[in-house]
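Both chains are sitting in their own frames, so use the hints and assemble them into the complex.
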Amino acid sequence: MALNRKVAIINLTTGQIESKPIPIDVRKKFLGGRGMNAYLLYNYLKPGVDPLGPDNVLVIGIGMLAATMASATSRTDVMGKSPLTDMIGSTNMGGFFAAELALAGYHHLVFLGKAEKPSYLWVHNGEIEIRDAASVWGKSVTDTQWTIRKEMGDEDIKFAVCGPAGENLVRYANVMTGIKNSAGRTGMGAVMGSKNLKCVAARGTLDIKIAHPTQALEYNKRFIDLITSAKVNQTMGTLGTPFIWGATNSWGGCRTNNFQYNQLRYADDIEPEHLDEISKETCGEYNMTACFNCQVHCRAKYKIPQSPLAEKFGLVGKYDEGPEYTSQGGFCCEVGCTDAATLLCANHLVDQYGVDNLEIGSMIAWAMELYDYGILTSKDTDGVDLRFGNGEAVLEMIHRICQKKTWLGQALAEGPIRAAQKIGRDSEKYLIHVKGMSNLHSDERATPGLALNIAVSSRGSDHLRSRPAIDLYHLPKDVMKRIYSSPVPFEGELSSDHRSYEGKAWQVFWQENCFMGVDCMGICKYHTTFLGATLPNFEDWARVVNYNTGLELTPTEIWTAAERCNMLEKLVNIREGFKRDDPHKGDVLADRYHNEPAKRGAPDVIGATIDREKFKGMRAEFYKHKGCDENGIPTPETIKRLGLENEPSHLL
Amino acid sequence: MEAMAKTLVVNQERCTGCRLCESVCAVKHDGVVNPMRARIKIEKWEHEGLYVPMICQHCQDAPCMNVCPVKAISRDEALARVMVDYNTCIGCRSCVAVCPFGAMNFNTIDKKVIKCDLCDGEPQCVRFCDIKAVDYVDAAKVSISKKRDAALRMTSAQKKATELEAEM
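Quick mapping for you: the protein sequence lines, in order, are chains A and B. Be aware that the first sequence starts at 22, since it is given in the working numbering, and climbs by one per residue. Be aware that the second sequence starts at 7, since it is given in the working numbering, and climbs by one per residue.
Chain B extracted, bound-state conformation (with noise of 0.2 angstroms):
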């Protein structure tokens, strides 16, 4: 059932920028450590500290699944990803293309496309990620925690402005 599956969310604010997560994503797959083999990716600003794990949204429209000419790409209902047959692939690389978030890479040394497959529901990026900047939730409650979140802040800023008010 899709409403009960789990999703993958970034909280960007919490990466300590540390690349762990690359490395358990290549060994995981790969048997090796390279970031280049990683699913997921660490967007550094270093002269600011800003550091954004960028990773497959597995999308419900997929465009990297539209554009596929021998439709390689499909939607795994089950763990509500997105998969690559890598039997029908022909590595013409559209979707690395079409991919908003450039989260389907092209690995140069296999000569494949490769995105996340979360591990079939065992994400090791978060299993590792002690600071849980990126984290596996259930796909309904992504929301909640961030309203939640929101409305602190709304609220606390309501009432340092009651305050100022009063002292004046």
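In isolation and in its complexed conformation, chain A is listed as follows (with noise of 0.2 angstroms):
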């Protein structure tokens, strides 16, 4: 069946492999994918230890539904400690290689010590042999996967791989596959680096039985009709997720220039309908390209066009995907370029070196900025002119960073706190993140639900972990209660305007609720109540879910699965010392969203701030929901109603 893949235990330092079924029990209560990474990390790692030494755990998992029939199961997590944040590291990415570890027999990799030299992992069939990674150490994300495949003499061989950014401990390096899947916050790159694991090779031909096959079949079919014929996931099949910078950006949702502004201005060369004419100039009219059983197709292929820029840094010609809506973020609005060839470049090198482009867009927003008031110099620089808007400055200093040359390289190739340390110069109060990771590039000022949400959630400033994103559509307040009140009902108030703070409480931990449920799965987020109101949840989940594996779920069973890995991922932050309102590690915004009215935008924008006292009435609120105490704690009740009193209750 398919639930029969198995956990491996690799210890790196001793090279001593344990691998173990996962029984029904523990599924039931942890699923797989992300819940079930939060409970082997819970269990495995030691509380307070150096993110980058060998005693971090390294946890690589797929969905519980990887590989079957079921829509877009592509999705693997990688989670451990963040030597980003310092606490919960987490990560997602779609593209192949979820689809190939289950067809190799294995759901869940939890890697322990640190290898003595440059090594990778091969997984194939129920084996697993660690290597030597010497002919690949140094080589980037593609040239990394291309040798082994050509070494191996195997096309199929999908890969998760940390490329030179995570050898070199960017502490915000990716975790790839392919040409620009990226598990791409909280620097499980940098990790896998610190324990000499260049990547995972994984190849299967195990067959995955469905429980039910013609079942399964039909209802997927219906599932895929249903996505599809979403407007969103439409727009998303032709323009991919450029559009939602087009839109956000025109509203008034993008900050710009670190957070000087919040709207790019005179940005036509970067908006998505001139992305998907370079596209199709370079890669021909069927320009789409897509993860493992999607029908959506949201990543668009291109070669980078020739320009001035792309001559002088030898990148014309290069072959790459996307760029997505983060890139447009970290390399056009964030840091004040309007120009294509800047965000193709750019987007370029931090695929080959595997390299978060949020976080080192936002560290060279921010070090702009700085230089903008003078407390970083041209000295500081160490010649680069990092005025807004320069895409010159931008991909000398990726370079910089990622190799990590010249002291501001190093420096901000530590991250937000860190950096803002070494800096020093009261440079922190210009930082844009939450528990030290960078916010992406857009601007919850006037959105109070989406404010909360990268607040409270588990990994740091991140839209993918609880944001209420149709809140913006103002929906009626009949369908927000149909949506909202399912599969647990909720009595109090719903808001349509996304200016109110009521209600949002509820909506952001019912979002968080349905973002792990879907991570769990292993589907992707474009496929649940994300950007489309209408896309499944719950409910489906449970038919899907037994359809495919047998095992019998109610959607409110996966609701409270989900509650309880969500708590997992609390404890674990817990652990490493969350403190509701500590600045570094607390459920905080930066004083910039309280104390700065955005400037440009929609009438609804400008002059919007978070007001200090109601946001905290709504993260009481959410606390409430969530079953915590005032300061954000789960109270004993809350621990035994999700039944997690006995962890770590070490099972597998």
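If you're looking for bench data, these hints aren't it; they were derived computationally from the structure. Bear in mind the structure is a predicted one, so any value in this text is a computation, not a measurement. Each hint should be verified, as a subset may be incorrect.
Unchecked claim - In silico SDA-like pairs for lysine to any residue, Cα to Cα no more than 25 angstroms straight-line: (1) A/Lys242 <-> B/Glu19; (2) A/Lys301 <-> B/Leu170; (3) A/Lys230 <-> B/Met160; (4) B/Lys138 <-> A/Leu238; (5) B/Lys153 <-> B/Cys65; (6) A/Lys324 <-> A/Ser161; (7) B/Lys118 <-> A/Pro234; (8) A/Lys301 <-> B/Thr168; (9) A/Lys339 <-> B/Glu52; (10) A/Lys301 <-> B/Asp136; (11) B/Lys50 <-> A/Gly305; (12) B/Lys118 <-> A/Lys242; (13) B/Lys138 <-> A/Gln255; (14) B/Lys50 <-> A/Asp297; (15) B/Lys121 <-> A/Asp228; (16) A/Lys242 <-> B/Asp123; (17) A/Lys301 <-> B/Ser162; (18) B/Lys153 <-> A/Glu306; (19) A/Lys635 <-> A/Cys649; (20) B/Lys166 <-> A/Cys304; (21) B/Lys47 <-> A/Thr235; (22) A/Lys301 <-> B/Met160; (23) A/Lys301 <-> B/Lys153; (24) B/Lys121 <-> A/Lys252; (25) B/Lys166 <-> B/Ser151; (26) A/Lys301 <-> B/Asp123; (27) B/Lys121 <-> A/Pro234; (28) A/Lys252 <-> A/Cys649; (29) A/Lys171 <-> B/Asp123; (30) A/Lys301 <-> B/Ala167; (31) B/Lys138 <-> A/Lys171; (32) B/Lys138 <-> A/Leu247; (33) A/Lys301 <-> B/Lys138.
Next up, the structure:
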């Protein structure tokens, strides 16, 4: 059956490898993917260890529906203690690795210790072997994969790989697969690098038996039709995620020049429609590519067109995929650049180095603001003219950071808090971060619900943990009620107004469980209640799980399991020093959200700030929904209700 | 009647590389997900974004049929397909060796050759491929749309050339 896939405990120091089945009762509690990863991390990680030392634990896990007859089950989740935040590190990628690992017989890999020399893990049809990685150490993300495929004579091997940024211990290095699929937040690539683990190479041909094949096949067709008939996914399938950037920027929700503005002006060159033209001109009319078994195909292909900038950096004609809206964020609005050349070149560089586009863009944007105010001078930048809008400076800084060259390059490679400590000069107050991880490019001052989401997100400032994005659609109240009252009832008030503070805490709590659920299944977030209000969630997952795996779970049981897994992430954070109002480890926003009114955009955005007291009110409500006390710590009753009283229980 | 039969058409340039066709093929035939059991396979050149669905062409003068020493392979004219009779097949894999498309596979789990059977006239790969990188159309019509596309390309190129000349 689909759920007979195992967990392997790999000790890189001793070379010892142990494979274990996952008992059904453990499955029911922690499902799979991110939830099971959280269980494994909480059980194997000792509190207070150095994230870049041998005592950190790295968990690579795939969703419980990986490689089944369920749509877009392509997601791999990577967890460990984050070298960026010193709290929970957790990050997620699409592509084809998850399916291949499932076909090779495994759902979760737990890495302990540190290999003596550069190594990689070979997983093939139930066998696991630690191999010498001398031939690929130092190689780019893609060259690593192509080299091993060539060495093995097998083009179907799939990888989870760290690039040169991970080897160089840049604290926000990615784990990647394929051309550009990135588990790109919280620096799990640096953890791989610190363990001398260049990649996991998987190849499998083991049957994944579908419990009810005909029903699974037919339900999948219905599921896919539901997904692809949604306008949002049709747009996604032609313009990719850049369409989100386009819409958000014209409204005034993209932080610009670090945080000086909230809209990038004169940006026609990087609007989604123009990026689409470039993609079609360089890669043909059918220019989109997809992750495993997904019909949305939201990723564009492109080759870098001729331009003085691309020529200078030797990048003309290089093939890549994307750029995603996060690259428009990191390499356009945040750094004040309006040209496609900077965007496409920078996107390619980060994909090759294997580094988080959001974090590196934010670090450069922050340094640019410091340069703007004279806090950093050209002496500090070793001659780089770090003014906003200088694309050449952006590319140069990406090289310097990833290679850890020059004083500033080394400082920025350390991530927000450490860099601010190194630079000093009151630089910290310009950072846009939560828990030590930079925010994506979005500006949440006009949307209290979205602001609460980034503040309470377990892994730091991020939209993929609990963002109630449909809050911006102004849905009728009864529709909101229907969405947010299933599978558990909600009696309180909900507001259709994104400027309101009412009911937002529940929406964030609901989304937190929805996103944990989808991450446990291993399904892409574009297949659930994220950007599309009508897309599948708990009820549909219960059916998909049953048809594919035979496991019987009710929608409410999935909800409760998601709550449980979210709480486990919180417990990891509490162990690592979470304090509600701690500016580095708490559920707080950067002061600028409260103090600096938004300057540009639509009338509902201009002048917006987050009200400090109302924010605290929302947060208190959110804690109540979660079953936490006023300090954000779970009550003993909640721990008992979620069946976490015996953790760590060491069942795996 | 042969002329009315439908045929599988691969529009390679449309393929997004998602491999859902492989999954549904294996589930339909064997009730499992395993690309090794799939009758269709996406060949990829990831470094340039090139994906090509490879599948049996159901050749008129099929090399697999011709080479089979026990005559286990035959044409089913009703569906215009080439079929393997497993009661006769001895598993010598001569057909695998001779197929110019690599579309005759050997399934190492069940130790038998496998190939596309058009799902008895309802190919699941086509049903699930939204973008129609694989399609199932009247055999007589395959070249018609291709002809029109090519004609359009030629005339638009001509138009451009005329415009350029006019500008000069």
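Going through the hints against the structure:
1. Between the alpha carbons of A/Lys242 and B/Glu19 the distance comes to roughly 24 angstroms, so the proposed pair stays at or under 25 angstroms and holds.
2. Taking the CA atoms of A/Lys301 and B/Leu170, the gap is about 22 angstroms. The hint holds against a cut of 25 angstroms.
3. Our distance criterion of 25 angstroms between C-alpha atoms is broken by A/Lys230 and B/Met160, whose separation comes to about 50 angstroms.
4. The suggested pairing of B/Lys138 with A/Leu238 holds, with an alpha-carbon distance near 18 angstroms, which does not exceed 25 angstroms.
5. The suggested pairing of B/Lys153 with B/Cys65 holds, with an alpha-carbon distance near 22 angstroms, which does not exceed 25 angstroms.
6. Only pairs whose Cα atoms come within 25 angstroms are accepted, and A/Lys324 paired with A/Ser161 is accepted, the gap being roughly 18 angstroms.
7. Taken as a hint, the B/Lys118 and A/Pro234 pair is honoured in the structure, with Cα atoms around 22 angstroms apart against an allowance of 25 angstroms.
8. A hinted pair counts as satisfied when its Cα atoms are at most 25 angstroms apart, and A/Lys301 with B/Thr168 qualifies at roughly 24 angstroms.
9. Of the supplied pair hints, the one linking A/Lys339 and B/Glu52 holds, its CA atoms being roughly 13 angstroms apart against a limit of 25 angstroms.
10. Taking the CA atoms of A/Lys301 and B/Asp136, the gap is about 20 angstroms. The hint holds against a cut of 25 angstroms.
11. With a C-alpha separation of about 17 angstroms, the suggested pair B/Lys50 and A/Gly305 falls inside the 25 angstroms cut-off, and the hint holds.
12. Of the pairs offered as hints, the one joining B/Lys118 and A/Lys242 is violated, with about 29 angstroms between alpha carbons and a cut-off of 25 angstroms exceeded.
13. Using a Cα cut-off of 25 angstroms, the hinted pair B/Lys138 and A/Gln255 holds, with the two alpha carbons roughly 15 angstroms apart.
14. At roughly 23 angstroms between alpha-carbon atoms, B/Lys50 and A/Asp297 fall within 25 angstroms of each other, so this suggested pair holds.
15. A distance of roughly 18 angstroms separates the Cα atoms of B/Lys121 and A/Asp228; the hinted pair therefore holds under the 25 angstroms criterion.
16. Simply put, A/Lys242 and B/Asp123 have alpha-carbon atoms about 21 angstroms apart, close enough for the 25 angstroms limit, and the pair holds.
17. Proximity of A/Lys301 to B/Ser162 is assessed by CA-CA distance (about 17 angstroms); at most 25 angstroms being required, the pair is judged to hold.
18. Restraint check for B/Lys153 and A/Glu306: the C-alpha separation of about 18 angstroms stays at or below 25 angstroms, so the hint holds.
19. Proposed proximity of A/Lys635 and A/Cys649 is supported: the alpha carbons are some 19 angstroms apart, at most 25 angstroms.
20. A distance of roughly 21 angstroms separates the Cα atoms of B/Lys166 and A/Cys304; the hinted pair therefore holds under the 25 angstroms criterion.
21. For the suggested pair B/Lys47 and A/Thr235, the alpha carbons sit about 21 angstroms apart, so the restraint of at most 25 angstroms is met.
22. Between A/Lys301 and B/Met160 the alpha-carbon distance is near 19 angstroms, which keeps this suggested pair within the 25 angstroms criterion.
23. For the suggested pair A/Lys301 and B/Lys153, the alpha carbons sit about 22 angstroms apart, so the restraint of at most 25 angstroms is met.
24. Taking the CA atoms of B/Lys121 and A/Lys252, the gap is near 37 angstroms; set against the 25 angstroms cutoff, the hint is violated.
25. Taking the CA atoms of B/Lys166 and B/Ser151, the gap is near 23 angstroms; set against the 25 angstroms cutoff, the hint holds.
26. Of the supplied pair hints, the one linking A/Lys301 and B/Asp123 is violated, its CA atoms being roughly 35 angstroms apart against a limit of 25 angstroms.
27. The straight-line distance between the Cα atoms of B/Lys121 and A/Pro234 is roughly 20 angstroms, inside the 25 angstroms bound, and the hint therefore holds.
28. The straight-line distance between the Cα atoms of A/Lys252 and A/Cys649 is roughly 38 angstroms, outside the 25 angstroms bound, and the hint therefore fails.
29. A hinted pair counts as satisfied when its Cα atoms are at most 25 angstroms apart, and A/Lys171 with B/Asp123 does not qualify at roughly 33 angstroms.
30. In summary, the hint linking A/Lys301 to B/Ala167 is supported, as the alpha carbons are separated by about 21 angstroms, within the 25 angstroms threshold.
31. Among the hinted pairs, B/Lys138 with A/Lys171 is inconsistent with the structure: their alpha-carbon atoms are about 31 angstroms apart, more than 25 angstroms.
32. For the suggested pair B/Lys138 and A/Leu247, the alpha carbons sit about 18 angstroms apart, so the restraint of at most 25 angstroms is met.
33. With a C-alpha separation of about 18 angstroms, the suggested pairing of A/Lys301 with B/Lys138 holds against the 25 angstroms cut-off.
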